[in-house]
Amino acid sequence: MNMKTSVFALLMATAMASATAVADNQKTIDAKADSALAKRGVEIGGSIRAVAQRSSFDTDQDPSGLNKMPDVERNEFVSADIDFRFRPYESVRANVMMRLGGGMQEYFAAASKTLAVEWINVEGNLGNSFYWVAGDFRQQYSPLTLYLPGIDIMYEPLIFARKRHMAQKQQLIEGNQRNLQGVNLQFRKELSPALGEVRAEALLARVNRSAVLDFSGAEGNIMANEDLPGATLASNMDKWLVAGNLELFPLSKNVYVGATPMYIFDNEDSYSYTYRHPANYVNDPYEQESINPFDVDAQQTMVVSGRLGADVAGIMGKKNLVVDLVAEYAMSNDKVYTHTYTEDGTDENGETIYKDNVTDEKLNGSAILATMNLGYKANSWNAVLNVNGVRNDSNWFNNLSQSPSFFAQRILNSDKDGNVVKYGVHAPLYSSFDALYNFAPKFSPVARTLKTDDDGFKNGQTNSYNIAPYNKNSWGTNVYTRSQLALLESLNDPALQMALPNGLATSNRLGAQAVGTFGWKDYAEVQGLFTMLQQVNPIIGFEKVAYTEYGGGAKFDVFKLIGFSKPLELSGSYKHSERKADLDAAIVGAAGTGELKSDFINAGLYVQFLPRLGFAAGLQMITTEYNDIGADYRWTVAPLMKGTQMQWMAGFDYTVAENAWLSINFGMVNVENEYNTASLVAAGSGGAVNLPDYYTVASDPAGSFKSKFSQTIMEASINVEF
Amino acid sequence: MNSNMKKFVVLPAMALFFSASVAAAEGQDSIVVQQKSLIEKLDSLNDAVLGLRINGTAKAGVMASKAESDQFAKESPTQENQAYTDVDLRLSAHPTSETQISVDVRLHKDWQSAYDENNNPVIGHWFSYDGTILNNHLDFNLGYMRVGYSPLTLATPQPELLQEPEIFAEKRVYALAQRNLDTTSRRLMQGVNAEYHSGELGIIDDIMLQATGARMRNIAKKTDQVFFDFDFTDRYVYGGRAGIGLMGFYIGGNYVDAFDRLLSRRSLNIANNDTVYYEDNRVFSGEIGFTSQKILPNLPFSFGVKGEMAKSNWEVERDYMVEKEDTIYNLVKGFVYQADGSRDSLVYVTSSLTTVNEVENESYGKLHGGSFYVEPFVNGNLAGIEFDLKGQYIQVDDDFWSEMASTPTYRGGSVVLNSNAFYRSASDSMLMADFGSASLENLYFSVYNSNTLNATNLMTSGKKNVIGNKGESSYLYSRLYNNYKNAHFYRNGYSAAVQKRLEMGELLSLLDPTVDMAQPYGMATPDRKGFTLALDLKWNDAVTLNGRFKQLEQEKTVEKTNTYTEMAGGLGVDFGVLFNLDRHLILQGSYAYSEEDEFLKRNAGRVMAGATLEVWGPFALLAGYQAYERHFGNGVALAENLEIKKSTESLLLGGLRMKIAPLSYVSLQYGVLNNELGYRWTDESGKTSSKKMSIDKNVIVADVTVNF
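In order, the protein sequence lines correspond to chains Z and F.
Start counting the first sequence at 0; every next residue gets the next number (numbering that gives the first Met the number 0).
Start counting the second sequence at 0; every next residue gets the next number (numbering that gives the first Met the number 0).
Simulated from the structure, these hints should not be mistaken for lab results.
Glycine residues also receive a C-beta, built at the ideal position from the N, C-alpha and C atoms.
Take the hints with a grain of salt, since some may be wrong.
Claimed, not checked - Sample of chain F residues at the chain Z side, in silico, Cβ under 7 Å:
1. Pro76
2. Trp110
3. Tyr114
4. Asn118
5. Tyr474
6. Gln498
7. Ala660
Bound conformation, chain Z alone:
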């Protein structure tokens, strides 16, 4: 084509005819051989999740239909993650994961489909000892350093566990590994039986980038349209993480010595600004302001951790004995800022100008985690006691280990209380089960006015999101800042995140958590849990808060016990969580105890009655109760006093492999929340963000409102991982 042919080359020739030198040819051969070798093939893997779901909201408390938003939400989507691994057998590889998303419809073509980049990296190894990856990667070092704290639900019924599995996979969560983007280097070398193995690791990751986000979006914000520190996830500066990890496993890997230094810092020189219309009024001129004006301080956090552990049973040569001990001590040094404002003259309009006086100090914190596993494993039974002892002081801070994977969101029927779904756990129609198990990758909300012209959309915007598609999911691997974590603390679900909301790295905790497990082949397993923690330093107005958890559970496979190959598994658990805080009489001037108690019950059944065809059922119930002092007033004047949530679901499934199934389920969520509305009643009017919009003071003479609603869910799901 074009100018390449002989005739025209004759006219256009500008380069000299090259002598056919051996060197020239050799270069060409090398290049072409390189090119040929570069085509070392491709492996394709991936997963497909498809859900068709109908959730119907129902309440008897809105007989006149004050809430005009739709009662039914239907989510129908297919999400296919296609994983390409290029040159899979080479020492250098490239990996690409693309996500194809589609809604289930055939009426129009393109709008509902997405093709997105979810995961790209290049990786390789030098010999057998050195591995590197640049781009997306996952990594965890230890619970106090680099870790993604999750949520444990004892003997969670399979029918629900599968839903959670899909929701987490949608967010690319793999266990407790943190998803990062940057460069990760790993060196592992077996030295000798005495010296064991050495592992040297280092990583550089950009945790956030200086980029503008809308404050009104459902994504990119913890709380849309709020001018609080931590409300938005946008960053003024590039935030970087530099970390190293050195581990040695001497004495035939029976002893463990590890050290991890980490430095998390905002690159202050990259502090950038943007231009916005004041108060979103388009006709006013743009004004320069910080990308995130609510969180302007640069993070500088140094974390150093040392770990020592031993497999005592291994040293003793006792194969059946379990005696593991690991102790970790970590220190953090974090720069914190204090802003005070003083008057600094007036502007041209006579308005007072305030000057921001910033002072900073370094907060030193420490954390100790001691883990012990004691037990015995015989052929037919095993018994293991796992104990985690923690002593994390209140200044301890490491957002790479404290940022939780679960941030409770409102998922199904979110149009119904759309304006306030940003309050998450405090939203009127919230339930823990909805947050834990449901997700919708591309949910298109309706406008509050139910009109579809420009004015309708403009007036129909909500305080929690824009009227545009977004991803509804409570799970994620985001790394939060100090102020974001502080905000999240007020949005934790007490039924799920009471004692250790930020995992074992939760600051201001002293105590221990013990889990004992007794297993009998794969027939049965029994577990007991006991946690006792208290704060290291009290918060103002209270003595140290004490946290107690206890519970137990069991699972039992009846069919396996009588010799069938298919499972019939019964499982159940009970957990009681409690928080107690005595008032500090010296400050408050009164005595009393703030209390929060929560009980979580699980019951599950799974039976396969034909090859691959099974029936699953699950029941979960949570009750949460506050006393008057313990009630949470942080987002509302009408706090929740008692909540009862129940969920059941049953359905049939066709299971091909562990993570490959097709299921059809039907279930219900029933919620009864009792609120103290005395102050609203006293005022004679008004509502609160946690009360449904059909609540009226007129119908609540007692100042105690019991909100009752239910969601009826019918769903079909397909999950295939290949």
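Given the structure of chain Z, go ahead and fit chain F onto it with the hints provided.
Chain F only, in chain Z's frame:
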């Protein structure tokens, strides 16, 4: 494709290596023959795989630029970091052995783990169906294509930077590739192209026929949203060529017509204060040439001449709204009384004058111009020295215009690094906004981001019509995307867009003379007359020497005759080849100087030096230095109160490159970029003063590139 592919490719490749080492023991000629055979086999391996292939390039890395300037505002950011993973996936399918479907897609992620980036799209980058059919006589392209006819009809002017060190060249190629461009003189288009070659027919060397059609611009489809890549009407180009070669002689003709389609625009309304211009540019050229190689093949050198003569026709018409008075007639029902007192109905006609706005079309201008050039050349190998000497006399009328041969891909004028910075004074802000950063920054650096779509990058227009109404939509904040959607954004000094003549007029004073001061629009630059000389010498593949000289006059479009003089020389030595080492150890450098004696009285000098040293095993040291100084003798006015007088730039870039696998590298580079601008500024009180703006940038680039 996976494991089978591995067996298929790897084993033959290993066999070829083995045979290469055996061949090395034989005589030199025999080695060369065998090498050629190997190259053919490798070509065959690389190209002739039926079915679907997926190849691509993945790159991950960091580019941090830290800037210092006294002109930065106190709170200005001084650092901008790029940290990214970028994958170009090339899918090629061979439905037959003669044709290929190519689809390139691009994936990009900017590193961060603080918030979800849902819907970060995979963007389509290249779609084409190409082939060589009819017994290799017909090449065709459908979709994206790069097509060139001749320097006066269809071509892309490229900068010629003598002895450009590899460290610079690879950065320039990378920046060009981000916009689908390359370093050839072919033009990037989307359409259809077919080229027929007869091959030898008796005494005839070749008969060639070519036809091309492409859409250059696309009318906006969503008129309430503002995009960067639309026009107010569709613009098409079509062209054709024919030629015949005989005993080393060649004669041919080219025709290209680029035009706006009026009816596309007229499907939409325009506002009363809008004017839309339509340009039609037709160029015809004839080419002749001769080379001695065909009839005197045994000479150690060949000589010849080529020439082209072109005629252009440029016509503009415009649509604009005019107010007209119109008479409106209405039928009115009424009645009249009859003598008997009864009423009779009747209908009568009333008229009234009203004002209506109508589209008026008129011819706005016409230009007819001519141009020609003659280029004798001689090249060959004498006493082991390869040489190539070219001379050219060129004459282009001031009314000559060949759009498809004029727009350069290099534009400059943008701020690539530290674009987040802002400035202490209005003049410095204006300077950066209108004149941009250093041309060395524009030539060699590029930024590519996948950003969340938000209120600052979702531009909405207040009116359906976006020609005259640029106000923002009051619905802006109700059209936000929940931070759910990303889009891809490029920032570099290159553009694939072809500019029309009226648009080029605005660009002229701003065009960076890095391209070519004397011929900013390549050989088709209007109002030029003069000659050029070019000499290249090469000895033993080790020493290369280049010389250039150009003197052109501009007469018609300036008050006084303006003479452009350009001269350049370069020297490169590969000590690895010189001392028969099995590696490249290249040192190279060049100097170029350009000036005009009247008009803007600009002059520019460029010093370039570089090293490419394959020091040991997989390690290579790369370094480059450029200093570039421009003087604007009569100043270039950016605004009434701002006139640029001088620009001084330098770029020092050095680094280490390690080969980690076939076609895969780890690279670490550090660069220092200085940019100084001298200008005259008239403040609000009318006082004029000389001012200086100086920015220093320290750039660190660390990346890993994997080809697969």
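Against the structure, the hints:
Below 7 Å, beta-carbon pairs count as interface contacts, and F:Pro76 has one with chain Z at about 5 Å; its hint therefore holds. At about 4 Å, the closest approach between the beta carbon of F:Trp110 and any beta carbon in chain Z falls short of 7 Å, and the interface hint on this residue holds. Given the 7 Å rule on beta carbons, the hint for F:Tyr114 holds: about 4 Å separates it from the nearest Cβ of chain Z. Hint status for F:Asn118: holds, given a least beta-carbon distance of 5 Å to chain Z, under 7 Å.
Taken as an interface hint, F:Tyr474 checks out: its beta carbon lies about 5 Å from the nearest beta carbon of chain Z, inside 7 Å. Of the supplied interface hints, the one on F:Gln498 is violated, with its beta-carbon coming no nearer than about 22 Å to a beta-carbon of chain Z, more than 7 Å. Interface hint status for F:Ala660: upheld, as the beta-carbon distance to the closest one in chain Z is roughly 4 Å, under 7 Å.
In summary, the structure is inconsistent with hint 6 from the numbered list given earlier, while agreeing with all the others.
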